[in-house]
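Asker: Could you build the full structure based on these sequences and the hints that come with them?
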Amino acid sequence: MRKILQLALLVLGWLVILGGFLWAPLGKGFLGHSSRILFFHVPMAWASFIAFIAAGVWSVRYLIGRDEEHDRSAAVAVELGLLFGVLATVTGAMWARTMWGAFWNWDPRQVSIAFALLFYAAYLALRSSIPDEEARRRLTASYAVLGLAIAPFLFFIAPRMVPTSLHPEPVINAQGKPAMESRMLMVLIGGFVWATALFFWLHDLGRRCARVVARREAPPLPVE
Amino acid sequence: MSAHLRFTGLSRRFGRRWVLQRVGGEVATGGVLLVHGRNGSGKSTLLRCLAGLSGLDAGEIHYQENGSPLDPEARRRAIGYVAPDLTFYEPLTIEENLTFFARLRGLPGDTARSAVARIGLDPGAYFGVLSSGMRQRVRWAWALLARPRLLLLDEPFQNLDPPGEALARELLAEHLEGGLAVVASPISVELPRVTGVIELAG
Amino acid sequence: MSPASSNWLAEVGAVFAKEWRAELRTRYALNTFALFGLTTLFTASASLGTLSIPLAERAAVLPVILWLILLFALTAGLPRTFVHEEETHTATALRLAASPVALFVGKQAYNLVLTLALEALVAPLFLVLFDLEVQNVGVFLATLVAGAFGLATGSTLVAAMIAAAQGKSTLFAVLALPVLLPLLLFTVQLSRSALTGEAPGQALPALLLYDASVAVAALLLFPVVWNP
Chain A
1 MRKILQLALL
11 VLGWLVILGG
21 FLWAPLGKGF
31 LGHSSRILFF
41 HVPMAWASFI
51 AFIAAGVWSV
61 RYLIGRDEEH
71 DRSAAVAVEL
81 GLLFGVLATV
91 TGAMWARTMW
101 GAFWNWDPRQ
111 VSIAFALLFY
121 AAYLALRSSI
131 PDEEARRRLT
141 ASYAVLGLAI
151 APFLFFIAPR
161 MVPTSLHPEP
171 VINAQGKPAM
181 ESRMLMVLIG
191 GFVWATALFF
201 WLHDLGRRCA
211 RVVARREAPP
221 LPVE
Chain B
225 MSAHLRFTGL
235 SRRFGRRWVL
245 QRVGGEVATG
255 GVLLVHGRNG
265 SGKSTLLRCL
275 AGLSGLDAGE
285 IHYQENGSPL
295 DPEARRRAIG
305 YVAPDLTFYE
315 PLTIEENLTF
325 FARLRGLPGD
335 TARSAVARIG
345 LDPGAYFGVL
355 SSGMRQRVRW
365 AWALLARPRL
375 LLLDEPFQNL
385 DPPGEALARE
395 LLAEHLEGGL
405 AVVASPISVE
415 LPRVTGVIEL
425 AG
Chain C
427 MSPASSNWLA
437 EVGAVFAKEW
447 RAELRTRYAL
457 NTFALFGLTT
467 LFTASASLGT
477 LSIPLAERAA
487 VLPVILWLIL
497 LFALTAGLPR
507 TFVHEEETHT
517 ATALRLAASP
527 VALFVGKQAY
537 NLVLTLALEA
547 LVAPLFLVLF
557 DLEVQNVGVF
567 LATLVAGAFG
577 LATGSTLVAA
587 MIAAAQGKST
597 LFAVLALPVL
607 LPLLLFTVQL
617 SRSALTGEAP
627 GQALPALLLY
637 DASVAVAALL
647 LFPVVWNP
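These protein sequences, in sequence, are chains A, B and C.
Using the numbering used here, you'd call the opening residue of the first sequence number 1 and step up by one each time.
Using the numbering used here, you'd call the opening residue of the second sequence number 225 and step up by one each time.
Using the numbering used here, you'd call the opening residue of the third sequence number 427 and step up by one each time.
Take the hints with a grain of salt, since some may be wrong.
[Stated by the list, open to error] Sample of chain C residues at the chain A side, in silico, Cβ under 10 Å:
{"#": "1", "residue": "L583"}
{"#": "2", "residue": "T596"}
{"#": "3", "residue": "A644"}
{"#": "4", "residue": "V651"}
[Stated by the list, open to error] To give an idea of the chain B side of the interface with chain A (calculated C-beta under 8 Å), a few residues:
{"#": "5", "residue": "S235"}
{"#": "6", "residue": "R237"}
{"#": "7", "residue": "W242"}
{"#": "8", "residue": "Q245"}
{"#": "9", "residue": "A282"}
{"#": "10", "residue": "G283"}
{"#": "11", "residue": "R359"}
No lab work stands behind these hints, which were simulated from the structure alone.
We put the beta carbon where it would ideally sit given N, CA and C, even for glycine.
Answerer: Below is the structure:
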């Protein structure tokens, strides 16, 4: 079963890449082929978003149940969220260079993602500097939950303070009607599914690795 | 007044080492539970776990006063604790320190003053300038401020001079009239009313 | 008032009074704030004041300087709230005696007063040294007070988080900055509109909402952060 899912993930990835470059038409109002980066940039941003949300949920669950597995899940999700977040930022900056003339424009969305990356990098810094394991789990989970409290300000309120965003309308807009050519839309939806599945697959791998490391670092209670 | 402490299977790991492995014990009002063991055998860790100052990797602690169980939060605030790492505010005097903790626990205003008088120290002396034996006397006064039922004593006679140790033994005897105690010590100490002994192998 | 809540208030008061008594004897935080705030303020004004920037541009550009000075002065002084308790081993007695929420509120109130004192020192000097005039005094004062509340609450919680960690002083800045960044965006924008006389718009409700969210999160999280 696992093998079939891994194969499906590989095939879907290639379909998105080939579809994005060869099959989907160019977006209207975009310079040259720059619209093609959309098929990778938007799913990466989405994956980093769900990774951070998942990290918050797993941290809350850790604080309630104190199950080490939830703590490991949260930490792996943060690492993956940072990875996808950096990829989304880099692809976004490449596109911004083409369309707006500069890699970095302090567009509200760029500000939000930069702050989010800072926050979760700080999470990892905290994680690596607490020697006691119980305190490490408890304090990093608390910090992640604090992140949930300030995330709305970073993502919804602060960007609205600066009304001059050049960023294209989000794909899923208020009307729920994606203004996009149907082949582009299909590739993009494929990209979403692929990035989401990729996140959960990598997360499963990362969590199992973390479990092995934890077992090596921490021998079980000796039997009498 | 009756109090009862029972713990089973307490285990705590630091890094790769299991400092406590399935430690259990029981003690009731009027009794002393003695914890023996060499340096590093986990005596202080056991007392910190019982006090709720350190988390557990396994095991359970049940403590009840007058038949009603206390949760970890309530237990933390219901105990008296004497340990070498216990320190008070150096820029404050002995009396200011004890008054602060008396106010935190909602005790009447003269509690701190009479506690200082009992340990025979100058209430106006700053904690920062006290000798180690005088600090140990302040720890005793602090631990007994709120008249707790459960007293956790980690090397309780450390650094005390003979009159100081006599005073501490007197305070312990008074406490045992209505309370219970867990005492940790690396050397064997003569104590009254010992109802149980735990030997930590480490 | 019930005995429980009056005792709770007495606990908050005891923590607040203890902090001030120790602070007034050592003057650690007040001296740090005064020296750090004045040094950075003079450095900024010495290098920017000679550029003779037009008034309209000064009012738009300089508020960020004020808030960065406040933020970094606080970073130098506030972590001590909990770090010092752990380092001098007074945290053990505090854990056993104080209820976590009362402890947090007492420490937060102490840090809030310290932050307001820092603002009372730095903000008037900032206006004088950069030759700025506040067009909307109400908005300016509201920003300082609401900003101080958010800074003190967030800093107190983060200080409690790093108390068990290694490399505390650098870690505090790393952890506190992302948490306090939204607040800085709001206060900078509000100070700008107070100096230029523009309508503050949504920034004031946003700042108050931020203060409320951080306060609620801190009250819920602190007991978990403080006790094992």
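Asker: Each hint needs a verdict: does it hold in this structure or not?
Answerer: Against the structure, the hints come out as follows:
{"no.": "1", "hint": "L583", "result": "7 Å, holds"}
{"no.": "2", "hint": "T596", "result": "9 Å, holds"}
{"no.": "3", "hint": "A644", "result": "8 Å, holds"}
{"no.": "4", "hint": "V651", "result": "5 Å, holds"}
{"no.": "5", "hint": "S235", "result": "5 Å, holds"}
{"no.": "6", "hint": "R237", "result": "6 Å, holds"}
{"no.": "7", "hint": "W242", "result": "6 Å, holds"}
{"no.": "8", "hint": "Q245", "result": "6 Å, holds"}
{"no.": "9", "hint": "A282", "result": "6 Å, holds"}
{"no.": "10", "hint": "G283", "result": "10 Å, violated"}
{"no.": "11", "hint": "R359", "result": "26 Å, violated"}
In this structure, the earlier hints numbered 10, 11 are contradicted, and the remaining ones agree with it.
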